[in-house]
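> One letter stands for each residue in the lines below.
There are 2 protein chains.
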Amino acid sequence: MNDEKFMARAIELAQEGRGFTSPNPVVGAVVVKDDKVISEAYHEKFGELHAEALALKKAGPAARDATLYVTLEPCSHQGKTPPCTEAIIQAGIQKVFIGTRDPNPLVNGKGVTQLLEAGLDVFTGLLETECLELNRGFFKHIRSKRPWVTLKLALSTDGYIADSQGKSQWITGQEAREFVHQQRKQYDAIMVGVGTAMKDDPSLLPKDTSGYIPNRIIIDEALTIPYRLKVVNDDYRNKTIVVASSHEKEKKREELQKRKLKVVQTEADDFGWVNLDKALEQLAKEGITSIYCEGGGQLAGSLVQAGLVDELQIFIAPKILGEGIFGFSGFMKTLDKAIQLEWDEPRKLGPDILLIGRLK
Amino acid sequence: MNDEKFMARAIELAQEGRGFTSPNPVVGAVVVKDDKVISEAYHEKFGELHAEALALKKAGPAARDATLYVTLEPCSHQGKTPPCTEAIIQAGIQKVFIGTRDPNPLVNGKGVTQLLEAGLDVFTGLLETECLELNRGFFKHIRSKRPWVTLKLALSTDGYIADSQGKSQWITGQEAREFVHQQRKQYDAIMVGVGTAMKDDPSLLPKDTSGYIPNRIIIDEALTIPYRLKVVNDDYRNKTIVVASSHEKEKKREELQKRKLKVVQTEADDFGWVNLDKALEQLAKEGITSIYCEGGGQLAGSLVQAGLVDELQIFIAPKILGEGIFGFSGFMKTLDKAIQLEWDEPRKLGPDILLIGRLK
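These protein sequence lines are chains A and B, in that order.
Per my numbering, residue 48 is the first one in the first sequence, and the count goes up by one each step.
Per my numbering, residue 48 is the first one in the second sequence, and the count goes up by one each step.
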């Protein structure tokens, strides 16, 4: 019971680093002696000390014979910082609880082995589900060289993301919008199609801009993004990435880059749209481990059809429009070939219903 | 606590009569002495003894000085059966707990008054919400001369009731279909539009046909229903009501009537469809107090737009179709004029999500 409590605290600490560590994972660590926490830390920023190294540094000589709780397997290789296994052994730690192994082939299992060989007691898999969840972007990034993609859509009860005039603000209520603002801080980037960018001119920023600001990704095959948009003009425009598949428009590309935006050139698919799988691969190379996609219908349709969505967040608003803009465009399936999903337990968020699920 | 327990039992008993009492309400009654049930009964069938009269008959002389729990205010007028208040007073009942007053102007409050005047202790409103819920069709029927209408639709996550080929079997899973079969037994009639009747040729029967069989209502403005359909041909065709607004087609009407179907002639609305409000009024006169509408999109759209839906049951299936048949057809609202709903807590039923709510 106490072991779980200390690991839960380490998970809580890890969350503090959210947004600042990518493409590294978020990690939390707690040093405990005689059932008392003597120090705690989290990985604060990419390139800086790892959580366990920082916690040990804070503990100083008190760490001797103590127990370490760390959400992710300690690294065993020299990276931007020295190997954490060394720091643990040198600090005289006696027992190590690890949330989950590191899928990074440079580490996977090696960290555990080094600690065992040095005579420490090592327990792996404490609150493993929670520790995997904590870094699902990082894990997917390492394993598939693609970012984790969550697709969020707010639909009317009859399935529309906007009314027939294109108006979508606000389909959902205050609570759902708050939830989305909280979510934005959990991802390396927020993504929309250029159609949505043009129609709504969203800033795609979290409400509170005092902390971490995610990247903004605009999928814009033909590089038609207007200069007037917020994502092109605001103070955070250096965090805007435009993904294009057209290799023309040299001048537009240069102009965007001059304005500090990043332009990622990728391949087109058979229909002339951006090849989203390739685009995700390139975005992963840019260090993006997780994406929160907020539509529109064309991009949502393409993503689910290509099987590129890891999580769906669908808000069902208590409204019926009769007609409007489709939530998932660009394809047509018969019932026996429908795209299959699976839902978790649903819940109410204010007047709206939140469905969280995944492709099956 | 015990009072609630006995009333809850009376509610449970009342449910046994479901389907057989309309346009009367379902009613349950329990006679209790020294904290022990000495008899119980429910209103079994329209025209037969009321629940409390039957319970007292069963109890016989033992009812003297006992307490009666009854879900609905006892009647005080001579109807098909003698007034229940008289039976209660003559049986020597001392105390009466009543779930809710009877909205029927022939009874409302008069039953309670008679019992009080006879010197009995009377408590009204025990588990009132549950007792109102028990007879929501009856209450609506009495108050508004219209049946209670529940609209059930099974939608794909993107809002379609069928794929683009019109196929809708089965959008939802086994559990949702079981739920619908259970629901069918709770209503006086199951209703669909003629389009759905033609496309799916549904029997609209509960799975288990050994007990109560609800009426089947087909909204069929131009009386185009084909003779080949199950609802026209099966053993229960005398429980099929076709609602038409066309006053032509005398021969078709006669032919249907010859086959034992009922044809209700009503008015057309401005667009030539059945005027649904008028239709409901006429169906109420036929003794229909509650309707379970199962689509299609045109009828669903017309009902919600006209504000004629008392409860919505929307299943969200874990499927995306991209294109298909709309769940709510025939109108187009801007976001600020959308039809507003309100949802209860959602729940999962097998792989599907069940949303229960109402128009706001």
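Bear in mind the hints are in silico, worked out from the structure with no lab data behind them.
Wrong hints could be hidden among the right ones.
Chain copies aren't distinguished; within one or between two, either way the pair holds.
[To be verified] Cross-link-like lysine-lysine pairs, in silico, PhoX-like; alpha carbons within 25 Å at most: (1) LYS384 with LYS214; (2) LYS232 with LYS83; (3) LYS52 with LYS384; (4) LYS309 with LYS105; (5) LYS309 with LYS92; (6) LYS325 with LYS127; (7) LYS92 with LYS296; (8) LYS254 with LYS407; (9) LYS192 with LYS232; (10) LYS407 with LYS105; (11) LYS395 with LYS309; (12) LYS407 with LYS214; (13) LYS52 with LYS395; (14) LYS83 with LYS157; (15) LYS296 with LYS104; (16) LYS407 with LYS395; (17) LYS395 with LYS384.
> Does each hint hold? Answer for all of them.
Going down the list of hints, with the structure as the test:
1. Taking the shortest Cα distances, LYS384 and LYS214 sit within 25 Å of each other only across copies (12 Å), while inside one copy they are farther apart (31 Å).
2. Taking identical chains as interchangeable, the C-alpha atoms of LYS232 and LYS83 are never at most 25 Å apart, the minima being 32 Å within one chain and 61 Å between chains.
3. Taking the shortest Cα distances, LYS52 and LYS384 never come within 25 Å of each other, neither inside one copy (46 Å) nor across copies (50 Å).
4. In this homomeric assembly, LYS309 and LYS105 never come within 25 Å of each other (Cα to Cα): the closest approach is 39 Å inside a single copy and 85 Å across copies.
5. Proximity of LYS309 and LYS92 under a CA criterion of 25 Å is satisfied intra-copy only: 22 Å inside one chain copy versus 76 Å between copies.
6. Proximity of LYS325 and LYS127 under a CA criterion of 25 Å is satisfied in neither setting, with 29 Å inside one chain copy and 77 Å between copies.
7. For the identical chains of this complex, LYS92 and LYS296 are neighbours neither inside a copy (37 Å) nor across copies (79 Å), given an alpha-carbon limit of 25 Å.
8. Neither within a single protomer nor between protomers do LYS254 and LYS407 lie at most 25 Å apart by alpha-carbon distance, with minima of 33 Å and 30 Å respectively.
9. In the homo-oligomer, the alpha carbons of LYS192 and LYS232 lie at most 25 Å apart inside one protomer (22 Å), although the nearest pairing across protomers, at 54 Å, exceeds that limit.
10. For the identical chains of this complex, LYS407 and LYS105 are neighbours neither inside a copy (45 Å) nor across copies (58 Å), given an alpha-carbon limit of 25 Å.
11. Taking the shortest Cα distances, LYS395 and LYS309 never come within 25 Å of each other, neither inside one copy (38 Å) nor across copies (43 Å).
12. In this assembly of identical chains, LYS407 and LYS214 lie within 25 Å of each other by CA distance solely across copies; the values are 21 Å between and 31 Å within a copy.
13. In this assembly of identical chains, LYS52 and LYS395 lie within 25 Å of each other by CA distance neither inside one copy nor across copies; the values are 29 Å within and 31 Å between.
14. Within a single copy, LYS83 and LYS157 get their C-alpha atoms no closer than 29 Å, and across copies no closer than 72 Å, so neither meets the 25 Å cut-off.
15. For the identical chains of this complex, LYS296 and LYS104 are neighbours neither inside a copy (52 Å) nor across copies (92 Å), given an alpha-carbon limit of 25 Å.
16. Taking the shortest Cα distances, LYS407 and LYS395 sit within 25 Å of each other both inside one copy (23 Å) and across copies (17 Å).
17. In this assembly of identical chains, LYS395 and LYS384 lie within 25 Å of each other by CA distance solely across copies; the values are 23 Å between and 30 Å within a copy.
When held up to the earlier numbered hints, the structure conflicts with 2, 3, 4, 6, 7, 8, 10, 11, 13, 14, 15 and fits the remainder.
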